Amino acid sequence: MAVLLLAEITDGALNMDATSKAATAAKQLGDVTVLCAGAQAADGAAQAATIDGVSKVLVAEDASLGHRLAEPTAALIVSLAGEYSHIVAPSTTDAKNILPRVAALLDVMVLSDVTAVVDADTFERPIYAGNAIQTVKSADATKVMTIRTSTFEAAGQGGSAPVETISAAENPGLSEWVEDKVAESDRPELTSAKVVVSGGRGVGSEDDFKIIEGLADKLGAAVGASRAAVDSGYAPNDWQVGQTGKVVAPDLYIAVGISGAIQHLAGMKDSKVIVAINKDEEAPIFQVADYGLVGDLFTLVPELTEKL
Amino acid sequence: MKVLVPVKRVIDYNVKVRVKADGSGVDLANVKMSMNPFDEIAVEEAIRLKEKGVVTEVVAVSIGVKQAQETLRTALAMGADRAILIVAADDVHTDIEPLAVAKLLKGVIDAEEPGMVLCGKQAIDNDMNATGQMLGALTGWAQATFASDVAVDGDHATVTREVDGGLQTIKVKLPAIISVDLRLNEPRYASLPNIMKAKKKPLDEKTPADYGVDVSPRLSVVKTSEPAARAAGVKVGSVDELMAKLKDEAGVI
Numbered sequence: 001m002a003v004l005l006l007a008e009i010t011d012g013a014l015n016m017d018a019t020s021k022a023a024t025a026a027k028q029l030g031d032v033t034v035l036c037a038g039a040q041a042a043d044g045a046a047q048a049a050t051i052d053g054v055s056k057v058l059v060a061e062d063a064s065l066g067h068r069l070a071e072p073t074a075a076l077i078v079s080l081a082g083e084y085s086h087i088v089a090p091s092t093t094d095a096k097n098i099l100p101r102v103a104a105l106l107d108v109m110v111l112s113d114v115t116a117v118v119d120a121d122t123f124e125r126p127i128y129a130g131n132a133i134q135t136v137k138s139a140d141a142t143k144v145m146t147i148r149t150s151t152f153e154a155a156g157q158g159g160s161a162p163v164e165t166i167s168a169a170e171n172p173g174l175s176e177w178v179e180d181k182v183a184e185s186d187r188p189e190l191t192s193a194k195v196v197v198s199g200g201r202g203v204g205s206e207d208d209f210k211i212i213e214g215l216a217d218k219l220g221a222a223v224g225a226s227r228a229a230v231d232s233g234y235a236p237n238d239w240q241v242g243q244t245g246k247v248v249a250p251d252l253y254i255a256v257g258i259s260g261a262i263q264h265l266a267g268m269k270d271s272k273v274i275v276a277i278n279k280d281e282e283a284p285i286f287q288v289a290d291y292g293l294v295g296d297l298f299t300l301v302p303e304l305t306e307k308l
Numbered sequence: 001m002k003v004l005v006p007v008k009r010v011i012d013y014n015v016k017v018r019v020k021a022d023g024s025g026v027d028l029a030n031v032k033m034s035m036n037p038f039d040e041i042a043v044e045e046a047i048r049l050k051e052k053g054v055v056t057e058v059v060a061v062s063i064g065v066k067q068a069q070e071t072l073r074t075a076l077a078m079g080a081d082r083a084i085l086i087v088a089a090d091d092v093h094t095d096i097e098p099l100a101v102a103k104l105l106k107g108v109i110d111a112e113e114p115g116m117v118l119c120g121k122q123a124i125d126n127d128m129n130a131t132g133q134m135l136g137a138l139t140g141w142a143q144a145t146f147a148s149d150v151a152v153d154g155d156h157a158t159v160t161r162e163v164d165g166g167l168q169t170i171k172v173k174l175p176a177i178i179s180v181d182l183r184l185n186e187p188r189y190a191s192l193p194n195i196m197k198a199k200k201k202p203l204d205e206k207t208p209a210d211y212g213v214d215v216s217p218r219l220s221v222v223k224t225s226e227p228a229a230r231a232a233g234v235k236v237g238s239v240d241e242l243m244a245k246l247k248d249e250a251g252v253i
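Protein chains in written order, with our numbering: chain V, 1 to 308; chain P, 1 to 253.
A few of these clues could be false.
[Claimed, not checked] Residues of chain V placed beyond 10 Å of chain P at every Cβ, according to the derived structure:
(1) G82
(2) A104
(3) A129
(4) E153
(5) A161
(6) S167
(7) D186
(8) D217
[To be verified] Once the Cα atoms are required to be at most 20 Å apart in a straight line, the calculated EDC-like pairs of lysine to aspartate or glutamate come out as:
(9) P:K66 x P:D248
(10) P:K245 x V:D52
(11) P:K223 x V:E282
(12) P:K16 x V:D119
(13) P:K235 x V:E281
(14) V:K307 x P:D149
(15) P:K245 x V:E303
(16) V:K137 x P:D127
(17) V:K181 x P:D149
(18) V:K272 x P:D204
(19) P:K223 x V:D296
(20) P:K247 x V:D121
(21) V:K218 x P:E241
(22) V:K269 x P:E226
(23) P:K247 x V:E306
(24) P:K235 x V:D296
(25) P:K223 x V:D121
(26) V:K269 x P:D127
(27) V:K137 x P:D149
(28) V:K137 x P:D204
(29) V:K272 x P:D110
(30) P:K245 x V:E306
(31) V:K272 x P:D149
(32) V:K194 x P:D149
(33) V:K279 x P:E226
(34) P:K20 x V:E282
(35) V:K307 x P:E241
(36) P:K173 x V:D217
(37) V:K279 x P:D240
(38) P:K235 x V:E176
(39) V:K307 x P:E249
(40) V:K137 x P:D22
Simulated from the structure, these hints should not be mistaken for lab results.
All figures in this text were calculated on a predicted structure; none of them were measured in a lab.
A virtual CB, placed ideally from N, CA and C, is assigned to each residue, including glycine.
Construct the entire structure; sequences and hints are all you get.
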C-alpha cells in the first residue's frame, strides 16, 4: 500500500504538528510519500523529510499553488493519484477545502475527520457533532481522507527521506487570491497547545475577553472561544472551538462562561483535564468538567490569574 | 442570475442524539427534523442577493426522503421561488452520500443552468463537509468554501473565507460553488403569510433515475457507537481548592 500525505504548508512554512500527526495515521496504512505544494515549499519539504516513517517527499513549487486555492492543488494531487491507495491530509480548513474536490475528481467518496484506522479500508469517524462514532468500510479503489489530528500523537523527527522535485499541474485558472487577514500572535497555536483557555457568551464583551487572554498568557496557553462568543463579536472566528470550528485535545482546557452546548463539547471533550468556571451551576459544561467552579467569572478568573 | 440552493433535512440541532441499540445508526424515528442550519444561511444569502437585484431566481433543491418537501417548503417560505425534490430514499435512516448528492446536483445544474450554487459548508448529521467541493469538481467550476462574506461583481464573486489562520479573501469566476459558514448572515424567520404563500409555490418531484445517477453508497456502515463518556467530575469551592487539585491531583499546572 502506498499513501500520499498532503503536508500542511502555509506561506512556505510547514505545519509540523498537523502534518506529523497525520503521518502517524498514514503510517498505519503503508509506505508514506509526503507532498509539499506551494509557491515556496522547499524548506517545508526539507523539514517534512525528517518525519519518522516518511519514505519520500515530493515538492511542487509554483505560483498557482501559493495560497492553497482548491482547484490547482486538487489538480496536482489528481495527477499523482494513480500510484497511491490512500490520499490523506490533516483535517485543516485547507485540506477540507481541497480533498473532497480530489475525491470527486477520482469518483470516490471522501472520509472526513478520521479518528481511527481500523484496517486499510475501515475507519472510525465522528458524526452528529461527536455524539456518535461511526465505523465505515470504503469500497472505493482510492481512499481519500482527512485525519482529525487531535486523536493522533505526532510522529517523531529523526528521518531523512529523499526529496524529489515535481512540476505543478496546469492551473485551471478559476480563482485568484486577494488577501489573507491573519492575526499575529505570540500565543501557541490553538490545535497544538498544551493548555487552552476559552471564553463564552458569559464573558459579555470583546473588552472583557481580555481577562480570558490574561489567564491564557499567565499559563502560556492558547485562547479559544465558543460559537456564541464569536457570533457576538467578542472573539475572532479562528478562535472558535466546536463542531464547525477547531477540535482541540490539550492537557488542560479551561472553559470560562461557556454553557456547554453539544456543538462546543464536540470540539473539546477529548481534553485530558477540563475545568469549567460558570455562574450557572446547572450548565451542561459541568457534566464533562473534571473540576467545576461555580461563581462570577469576573472575580474568579482575575483571582486565578493572580495566584498562578 | 439564477441561484441554486441545496437544502438537507436533518435532525434538529437542539435534539439529543441517540445511537440505536443495534449499532446500525442514530435513531431518527419520531425525532424533530429541521433544515440543516448551514443551509438556512445559504437560503438567506440567496434571498438577500435577490433583494439586492443581483439574483433573479432562487431554486431550492433537496435530496432524500419524501418528507424533505417540508424542508423545501421552509425554504420557499423564507423566499425561494421554486423547489425541486429528488426522492432518493424511502427510509429516513438512509443518508445519501455527498458524492451521490453532488452527482444529482450536477444533473440539476445541467438542466437549470444557474450562475451560482450557494450551499451549507456541512450537514450537522454526517459532518462530512464535502458536497460543495465535490460539486465544484464535477462541474469544473471554481469553489469558495466556508464563506463569511459574498460580493457579486459582474462575472466574478469576491468571497471572504473562514480559515484556520483567520480570514482569506479570494475572487472566483462565475459560475461558482460557494459554501457558507456561520457568520455570513442570520437567517430570517418565515412569516405566517409567507408560509401560506409557500404552499402554492411550485415544487417538482424527481428521482435519481431522471438524472441517470446511481446513489448506492460507497461507504458501508460497520457499526455506530456511543462515544466514550467522561466520568463525572467534582465541584470545587474556591480558586485555591481548584489550584490545589490542578497541581496535586491532575498535575497539569
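Evaluated hints:
Every beta carbon of chain P lies more than 10 Å from that of G82 (chain V), the smallest distance being close to 17 Å; the non-interface claim holds. Not every CB of chain P is more than 10 Å from the CB of A104 (chain V) (nearest about 4 Å), against its label as outside the interface. Look at A129 (chain V): its CB is around 7 Å from the nearest CB on chain P, not clear of 10 Å, so calling it non-interface is violated. Every beta carbon of chain P lies more than 10 Å from that of E153 (chain V), the smallest distance being close to 18 Å; the non-interface claim holds.
Non-interface call for A161 (chain V) relative to chain P: holds, since the shortest CB-CB distance, roughly 26 Å, exceeds 10 Å. Annotated as non-interface, S167 (chain V) keeps its C-beta farther than 10 Å from every C-beta of chain P; the closest such distance is 21 Å. Non-interface call for D186 (chain V) relative to chain P: holds, since the shortest CB-CB distance, roughly 15 Å, exceeds 10 Å. Listed as a non-interface residue, D217 (chain V) keeps its Cβ farther than 10 Å from every Cβ of chain P; the least gap is roughly 14 Å.
Between K66 (chain P) and D248 (chain P) the alpha-carbon distance is near 58 Å, which puts this suggested pair outside the 20 Å criterion. With a C-alpha separation of about 37 Å, the suggested pairing of K245 (chain P) with D52 (chain V) is violated against the 20 Å cut-off. A hinted pair counts as satisfied when its Cα atoms are at most 20 Å apart, and K223 (chain P) with E282 (chain V) does not qualify at roughly 33 Å. With a C-alpha separation of about 31 Å, the suggested pair K16 (chain P) and D119 (chain V) falls outside the 20 Å cut-off, and the hint is violated.
With a C-alpha separation of about 9 Å, the suggested pair K235 (chain P) and E281 (chain V) falls inside the 20 Å cut-off, and the hint holds. Annotation: proposed proximity of K307 (chain V) to D149 (chain P) is violated, straight-line Cα distance about 43 Å (limit 20 Å). Of the supplied pair hints, the one linking K245 (chain P) and E303 (chain V) holds, its CA atoms being roughly 16 Å apart against a limit of 20 Å. With a C-alpha separation of about 17 Å, the suggested pair K137 (chain V) and D127 (chain P) falls inside the 20 Å cut-off, and the hint holds.
Distance check on the hinted pair: K181 (chain V) and D149 (chain P) sit about 13 Å apart at the alpha-carbon level, within 20 Å; holds. For the hint linking K272 (chain V) to D204 (chain P), the alpha-carbon distance of about 51 Å lies beyond 20 Å, and the restraint is violated. Proximity of K223 (chain P) to D296 (chain V) is assessed by CA-CA distance (about 44 Å); at most 20 Å being required, the pair is judged violated. Between K247 (chain P) and D121 (chain V) the alpha-carbon distance is near 43 Å, which puts this suggested pair outside the 20 Å criterion.
Proximity of K218 (chain V) to E241 (chain P) is assessed by CA-CA distance (about 18 Å); at most 20 Å being required, the pair is judged to hold. Restraint check for K269 (chain V) and E226 (chain P): satisfied, since their Cα atoms lie roughly 14 Å apart, inside the 20 Å limit. Note on K247 (chain P) and E306 (chain V): the hinted pairing holds, with a Cα-Cα distance of about 16 Å set against a maximum of 20 Å. With a CA separation close to 15 Å, the supplied pair K235 (chain P) and D296 (chain V) stays within the 20 Å bound.
With a C-alpha separation of about 14 Å, the suggested pairing of K223 (chain P) with D121 (chain V) holds against the 20 Å cut-off. About 17 Å separates the Cα atoms of K269 (chain V) and D127 (chain P), which keeps this hinted pair within 20 Å; it holds. The suggested pairing of K137 (chain V) with D149 (chain P) is violated, with an alpha-carbon distance near 37 Å, which exceeds 20 Å. Between K137 (chain V) and D204 (chain P), the direct Cα distance comes to roughly 35 Å. Violation of the 20 Å bound is thereby established for this hinted pair.
Distance check on the hinted pair: K272 (chain V) and D110 (chain P) sit about 50 Å apart at the alpha-carbon level, beyond 20 Å; violated. As the CA atoms of K245 (chain P) and E306 (chain V) are separated by approximately 17 Å, the hinted pair is consistent with the 20 Å bound. For the hint linking K272 (chain V) to D149 (chain P), the alpha-carbon distance of about 36 Å lies beyond 20 Å, and the restraint is violated. At most 20 Å may separate the alpha-carbon atoms for a hinted pair to count; K194 (chain V) and D149 (chain P) exceed this at roughly 33 Å.
With a CA separation close to 30 Å, the supplied pair K279 (chain V) and E226 (chain P) exceeds the 20 Å bound. A distance of roughly 28 Å separates the Cα atoms of K20 (chain P) and E282 (chain V); the hinted pair therefore is violated under the 20 Å criterion. Restraint check for K307 (chain V) and E241 (chain P): the C-alpha separation of about 12 Å stays at or below 20 Å, so the hint holds. Between K173 (chain P) and D217 (chain V) the CA atoms are separated by roughly 43 Å; this puts the pair beyond 20 Å, and the hint is violated.
Between the alpha carbons of K279 (chain V) and D240 (chain P) the distance comes to roughly 17 Å, so the proposed pair stays at or under 20 Å and holds. A C-alpha spacing of about 52 Å is found between K235 (chain P) and E176 (chain V), which places the hinted pair above 20 Å, so the restraint is violated. Restraint check: the Cα-Cα separation between K307 (chain V) and E249 (chain P) comes to about 18 Å, which is no more than 20 Å; the hinted pair holds. Proposed proximity of K137 (chain V) and D22 (chain P) is supported: the alpha carbons are some 18 Å apart, at most 20 Å.
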